[in-house]
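Visitor: The chain contents come next:
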Amino acid sequence: MVRSSRFLSILALVALLVAACGPSGGQAPSTAAAGSTITVMSLWGGSEQDSFQKVLDAFKTKTGVTATYESIRQDYATTLQTRIASGKPPDIAIIPGIGFLRQFARQGSLKKVGDLGIDANALKPNYPPGILEVGQVDGNQYAIMVKFNSKSTFWYRPDKFKTMSMTPAKDWDSFTKQLADIKAKGQTPLGLGAGDSWTLTDWFEEIYLRQTGGPDKYDQLFSGKLPWTDPTVAATVDAMKAALNDNNVAGGIKAALGRNFTDGIGQAFSTNPTAVLYYEGGFVGGIATGQTNTALKVGDTIDWFDFPANKFSNSVEIGGDVIAAFTTKPGVKEFMQYMTTADAGSVWAGTGAVLSPIKAVPASVYPNDLAKREAAQVSGATAVRFDGSDLLPSGGGDDMGAALQDAIQGKTVDWAKFETAMQAKWKAEK
Amino acid sequence: MGLAPTPAVPQERPIRASTKAARRARGPEKPNYGSAILFLLPAGVLLIVFLLYPTLYTILLSFNRGRNGVFGTWVGLDNYTRLFSDPDFLNLGTFPPSGALWNNVLWIIFYTSTVIALGLVISVIAARVRYEALIKAVVFVPMAIAATALAVIWKFVYAPDVNIGLLNALLSVFAISPISWLGDQAVVNAALIAVGVWGSVGFATVILSAAVKSIPNEIIESARVEGASERAVFFRIIIPMVSLPISVLAVTLIVNVIKLFDLIYVMTAGGPGTASRVIAFTMYQQAFQAGQYGYGSAVAVVMLIVLIPIIVFNVRRFRTQAVT
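Sequences listed follow chains A and B, in order. 430 is the number that the working numbering gives the last residue of the first sequence; the numbers go up by one with no jumps. 324 is the number that the working numbering gives the last residue of the second sequence; the numbers go up by one with no jumps.
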């Protein structure tokens, strides 16, 4: 760490020197902060990093501010927290989860968007309802969501559905019936990678948001205001178990508990599939077509439909990343501001790596149909809710995942005890 | 398991300083405090900077909110009351109990006893066969593997996919469905302890084998002549005669367990949920991830308190040995 920050400061120095020696004025963009250098830290690497670099390049062309990207691939949260504690935070960082956002905001490490000189209210028209709220802590806007995925997408094999002469179910009851039908036709319906317990929390959240609880109760449950002993929780777990059981999951529940999320995708979309359906967010498309099986064809061997729980059909769950500023150095405000513009959103979304939450990003920038429809699903929703387990205090999402792992094995979950533990976590956060 | 444990080898009886000094005496004996301080200075400074100061800082911090590692709001014993009401740290409300502290207790009981028992049995049995060196070499090999590498290897062994996981592949031969060794809250601690044992038996074998060999042959021979069974020889002669090395070993192993971190971090990250957390992992998680340095410091202090009786025991034993 010491070495990398020293390296960065040398880099910054070099950049400053180069900037100082270069021709002043001329075609350089005339921003007050032009010529300054800021660091942006995130956990993206590989192709994700390349995509983000395009945004940083576009930012430089526009403002003249150099944004140096710092990629921390492992132990991101720990590294960030330690950097903050040692008084050397990056200027801007992707915040790994909303629990961390609250942590950093309440410990006073983050700069409010307003402190940077950006009017948070003025940003409102740029976003669909529910998006800016994700970046708020105790009523103050600290962070801004810059990319997201829908989590209300259910992935399936259109070819298999065609041979079974079926169409995707539209509501929960017909969905569970359909699972039995698929089974009766000699196929195993579901892939599941429950070793990554967040796939189970996503199942829970989907059913809770769209079927058993609805958006209002969802807000209360994931902010500590509604106890986990509420009957809606047990009802959701029962609904989950109606789908996720040894009959419906390829290979059975035991094996699924040791399978990770990407192998779960493989169950439905590898060259040798054992299932016809797989539930997870919009990012499944990229992984399935890019890594699992490059021969997949959208609309033919892979596609998605709205998560079939639809009592509250206008609610959509999303997951995403927010960025926030740790300093008020020149260039930081410009960068935060830039990330709220349709320009930045279009550059980034055009790489196919992300969906942009910015309203003015035209659907035409998305390079493929899957992403286009995913963006439309979210922009068409009246209630957009953020991934609930990411909203829980530190460690809460893991506990929730472990409880659900128990539940699908048929063990009884003591929700009263769970509630006590969760309340302690909420209290500890304050 | 952690750093290669440093065997606490009993010290040789020290040469009496006074006799040595007397031999070199130049006139009346006068302690030279100046040079004593000079010689102690380097070690003393290092200890103060890297041990004493951090310890005191940590203890103070544990009574503070300590956000970002700096002193902010003093909260008294708040961190401690919170810690002992945190079911992730210690939950005595269920049977069996659970939580990080309880997991350390499990480790102390099962890991320490299994390592010593296996080490003793292997060293006694190996001593009777011609290929003793080979057996010892095989048992010792895991000691040469870094703990992180060991953890990665065993992650593969435990993999639930029968095409990757050796253990589940073996089970599948007997048509037993795969077990999620690291994904099941009921199994995970046993699975981790087994890895710890595998990594440390070699160390125990080497120490105990040397101890067993140092038992004078005449004692064992005469016992046999007197008609003692092999069992009696093992339990009534060998074990009592190697009890000192066993206790040294036990202390080393227990200290290793209390500071155990690497295996857990690499293999399960404390999961599933919080089922396999141990004290050191909780400290890391709370302080450096959740940013609650005060709370994390309280965990560290509890760790220190747990270690104190063991340190006292160790120091006492060395002292008695030094005088006898």
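For the record, the hints were derived by calculation from the structure and aren't laboratory data. There may be inaccurate statements among the hints.
[Claimed, not checked] Partial list, computed: chain B residues near chain A (C-beta under 8 Å):
no., residue
1, Ser85
2, Asp86
3, Ala137
4, Ala146
5, Ala147
6, Gln185
7, Gly271
8, Gly273
9, Gly291
10, Thr320
[What the hints assert, rightly or not] Reference excerpt, derived from the structure (chain A facing chain B, CB under 10 Å, subset only):
no., residue
11, Ser109
12, Ala256
13, Asp414
14, Lys417
15, Ala428
Backbone N, C-alpha and C define an ideal beta-carbon position, used for all residues, glycine too.
Visitor: Evaluate each hint against the coordinates.
Guide: Tested hints:
{"no.": "1", "hint": "Ser85", "in the structure": "holds, 7 Å"}
{"no.": "2", "hint": "Asp86", "in the structure": "holds, 6 Å"}
{"no.": "3", "hint": "Ala137", "in the structure": "violated, 34 Å"}
{"no.": "4", "hint": "Ala146", "in the structure": "violated, 17 Å"}
{"no.": "5", "hint": "Ala147", "in the structure": "violated, 17 Å"}
{"no.": "6", "hint": "Gln185", "in the structure": "holds, 6 Å"}
{"no.": "7", "hint": "Gly271", "in the structure": "holds, 6 Å"}
{"no.": "8", "hint": "Gly273", "in the structure": "holds, 2 Å"}
{"no.": "9", "hint": "Gly291", "in the structure": "holds, 5 Å"}
{"no.": "10", "hint": "Thr320", "in the structure": "violated, 44 Å"}
{"no.": "11", "hint": "Ser109", "in the structure": "holds, 7 Å"}
{"no.": "12", "hint": "Ala256", "in the structure": "holds, 9 Å"}
{"no.": "13", "hint": "Asp414", "in the structure": "holds, 9 Å"}
{"no.": "14", "hint": "Lys417", "in the structure": "holds, 7 Å"}
{"no.": "15", "hint": "Ala428", "in the structure": "holds, 7 Å"}
Checked against the numbered hints above, the structure breaks hints 3, 4, 5, 10 and satisfies the rest.
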